[in-house]
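Novice: One-letter residues, chain by chain:
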Amino acid sequence: EPEVTQTPSHQVTQMGQEVILRCVPISNHLYFYWYRQILGQKVEFLVSFYNNEISEKSEIFDDQFSVERPDGSNFTLKIRSTKLEDSAMYFCASISRVTDSPLHFGNGTRLTVT
Amino acid sequence: AQRVTQPEKLLSVFKGAPVELKCNYSYSGSPELFWYVQYSRQRLQLLLRHISRESIKGFTADLNKGETSFHLKKPFAQEEDSAMYYCARPNSGGSNYKLTFGKGTLLTVNP
Numbered sequence: 001e002p003e004v005t006q007t008p009s010h011q012v013t014q015m016g017q018e019v020i021l022r023c024v025p026i027s028n029h030l031y032f033y034w035y036r037q038i039l040g041q042k043v044e045f046l047v048s049f050y051n052n053e054i055s056e057k058s059e060i061f062d063d064q065f066s067v068e069r070p071d072g073s074n075f076t077l078k079i080r081s082t083k084l085e086d087s088a089m090y091f092c093a094s095i096s097r098v099t100d101s102p103l104h105f106g107n108g109t110r111l112t113v114t
Numbered sequence: 001a002q003r004v005t006q007p008e009k010l011l012s013v014f015k016g017a018p019v020e021l022k023c024n025y026s027y028s029g030s031p032e033l034f035w036y037v038q039y040s041r042q043r044l045q046l047l048l049r050h051i052s053r054e055s056i057k058g059f060t061a062d063l064n065k066g067e068t069s070f071h072l073k074k075p076f077a078q079e080e081d082s083a084m085y086y087c088a089r090p091n092s093g094g095s096n097y098k099l100t101f102g103k104g105t106l107l108t109v110n111p
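Line order of the protein sequences matches chains X and Z. If you're matching positions, the first sequence starts at 1 in the working numbering and goes up one per residue. If you're matching positions, the second sequence starts at 1 in the working numbering and goes up one per residue.
Each hint should be verified, as a subset may be incorrect.
To be verified - Among chain Z residues calculated to face chain X with C-beta under 10 Å, some are:
id: 1; residue: 6
id: 2; residue: 11
id: 3; residue: 38
id: 4; residue: 46
id: 5; residue: 49
id: 6; residue: 86
id: 7; residue: 91
id: 8; residue: 98
id: 9; residue: 99
id: 10; residue: 102
id: 11; residue: 103
Unchecked claim - Label pairs and their in silico Cβ distance ranges:
id: 12; chain 1: Z; residue 1: 20; chain 2: X; residue 2: 69; range: 39 to 45 Å
id: 13; chain 1: X; residue 1: 15; chain 2: Z; residue 2: 108; range: 32 to 38 Å
id: 14; chain 1: Z; residue 1: 54; chain 2: X; residue 2: 97; range: 17 to 23 Å
id: 15; chain 1: Z; residue 1: 111; chain 2: X; residue 2: 52; range: 49 to 55 Å
id: 16; chain 1: X; residue 1: 72; chain 2: Z; residue 2: 55; range: 37 to 43 Å
id: 17; chain 1: X; residue 1: 7; chain 2: Z; residue 2: 20; range: 35 to 41 Å
id: 18; chain 1: Z; residue 1: 62; chain 2: X; residue 2: 97; range: 25 to 31 Å
id: 19; chain 1: X; residue 1: 81; chain 2: Z; residue 2: 58; range: 45 to 51 Å
id: 20; chain 1: Z; residue 1: 66; chain 2: X; residue 2: 80; range: 44 to 50 Å
id: 21; chain 1: X; residue 1: 10; chain 2: Z; residue 2: 110; range: 26 to 32 Å
id: 22; chain 1: X; residue 1: 80; chain 2: Z; residue 2: 65; range: 42 to 48 Å
id: 23; chain 1: X; residue 1: 16; chain 2: Z; residue 2: 76; range: 47 to 53 Å
id: 24; chain 1: X; residue 1: 15; chain 2: Z; residue 2: 14; range: 40 to 46 Å
No lab work stands behind these hints: they were computed from the structure. Cβ atoms here follow ideal geometry from the backbone N, Cα and C, with glycine treated the same way.
All chains, full assembly: derive it from the sequences and hints.
Specialist: Below, the structure is given as structure tokens:
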């Protein structure tokens with residue numbers, strides 16, 4: 001069964017540095033998402049992406065965050081200047097269509113900001 | 001915005017005991033609802049969805065519109081069921097489709 005893949009599995013960075021989290025969604029999927037899970041807390045929606053543009057973003061997704069689909073296969077989340085509170089698991093997800101579709105999640109990237 | 005409430009953060013049962021993980025949702029017509037499971041250090045996986053009405057790994061969930069609930073049940077819990085369970089529902093539609101998750105319930109099945 002095809003899977004969403006995310007790299008790296010763990011990223012450690014210093015406060016103020018830029019990080020790029022990478023995702024390869026399932027190949028025929030059209031809708032892409034980033035979710036975040038701070039340790040011990042619930043899974044929170046960050047952003048959805050369709051047709052090469054952001055379709056919705058949460059209040060968490062401020063100007064420090066951006067997403068791109070640079071080459072038709074990768075889907076990236078960039079944090080320009082990381083803060084300690086950005087430390088979390090970041091999950092990428094995708095679906096083929098929005099009708100009755102569950103999201104397919106990647107294994108996540110654990111981001112640790114020191 | 002649609003809300004999903006999971007009132008129990010932690011639930012601990014013994015192997016072989018029945019288990020029920022509670023989920024309530026804010027009313028809105030005919031909702032779609034999902035249960036996702038996250039085993040230790042693994043991805044979120046779809047466990048079941050209410051429209052399919054199937055049983056996965058012995059779990060079932062019935063949509064109760066009167067009580068606006070979608071509780072997850074299993075008659076005899078197994079140790080391998082220990083995991084984090086999330087109830088989820090979609091918000092909006094079209095290109096704004098996204099899932100909103102409850103806070104999750106950590107199920108521990110003791111031997």
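Novice: Could you run down the list of hints and mark each one as holding or not?
Specialist: Results for each hint:
1. A hinted interface residue such as residue 6(Z) counts as satisfied when its beta carbon comes closer than 10 Å to some beta carbon of chain X; here the least separation is about 9 Å, so the hint holds.
2. Checking residue 11(Z) against chain X: minimum C-beta separation of about 16 Å lies over 10 Å; hint violated.
3. Nearest Cβ of chain X to the Cβ of residue 38(Z): about 8 Å, under the 10 Å cut. The hint holds.
4. Residue-level restraint check for residue 46(Z) holds (minimum Cβ-Cβ distance to chain X is 4 Å; threshold 10 Å).
5. Given hint, residue 49(Z) at the interface with chain X, holds; its Cβ is 6 Å from that chain's nearest Cβ, closer than 10 Å.
6. Of the supplied interface hints, the one on residue 86(Z) holds, with its beta-carbon coming within about 6 Å of a beta-carbon of chain X, less than 10 Å.
7. Checking residue 91(Z) against chain X by beta carbon gives a least distance of about 8 Å; that is within 10 Å, so the hint holds.
8. Annotation: residue 98(Z) was flagged as interfacial toward chain X, and the flag holds, the nearest CB pair being 5 Å apart, inside 10 Å.
9. Hint status for residue 99(Z) relative to chain X: holds, with the closest Cβ pair at about 6 Å, below 10 Å.
10. About 7 Å separates the beta-carbon of residue 102(Z) from the nearest beta-carbon of chain X, less than 10 Å, and the hint is met.
11. Interface restraint check for residue 103(Z): the shortest CB-CB distance to chain X comes to about 4 Å, inside 10 Å, so the restraint holds.
12. Against the hinted window of 39 to 45 Å, the Cβ-Cβ separation of residue 20(Z) and residue 69(X) comes to about 41 Å, which satisfies the hint.
13. A hinted range of 32 to 38 Å holds for the C-beta pair residue 15(X) and residue 108(Z), which are about 35 Å apart.
14. Checked against the given bound of 17 to 23 Å, the beta carbons of residue 54(Z) and residue 97(X), roughly 20 Å apart, stay inside it.
15. Checking the proposed 49 to 55 Å range against residue 111(Z) and residue 52(X) shows it holds: the Cβ atoms sit about 51 Å from each other.
16. A C-beta distance of roughly 39 Å is found between residue 72(X) and residue 55(Z), which places it inside the suggested range of 37 to 43 Å.
17. In this structure the hint that residue 7(X) and residue 20(Z) lie 35 to 41 Å apart at CB holds, the actual value being about 38 Å.
18. A hinted range of 25 to 31 Å for the beta carbons of residue 62(Z) and residue 97(X) is consistent with their spacing of about 26 Å.
19. Against the hinted window of 45 to 51 Å, the Cβ-Cβ separation of residue 81(X) and residue 58(Z) comes to about 47 Å, which satisfies the hint.
20. Remark: the range hint 44 to 50 Å for residue 66(Z) to residue 80(X) is upheld by a beta-carbon distance near 48 Å.
21. Here the CB-CB span from residue 10(X) to residue 110(Z) is close to 30 Å, well matched to the stated 26 to 32 Å.
22. One distance hint, 42 to 48 Å for the beta-carbon pair residue 80(X) and residue 65(Z), holds here, with the actual separation near 45 Å.
23. In this structure the hint that residue 16(X) and residue 76(Z) lie 47 to 53 Å apart at CB holds, the actual value being about 52 Å.
24. For residue 15(X) and residue 14(Z), the Cβ-Cβ distance of about 45 Å falls inside the hinted range of 40 to 46 Å, so the restraint holds.
Violated hints amount to a single one, hint 2; each of the other numbered hints is respected by the structure.
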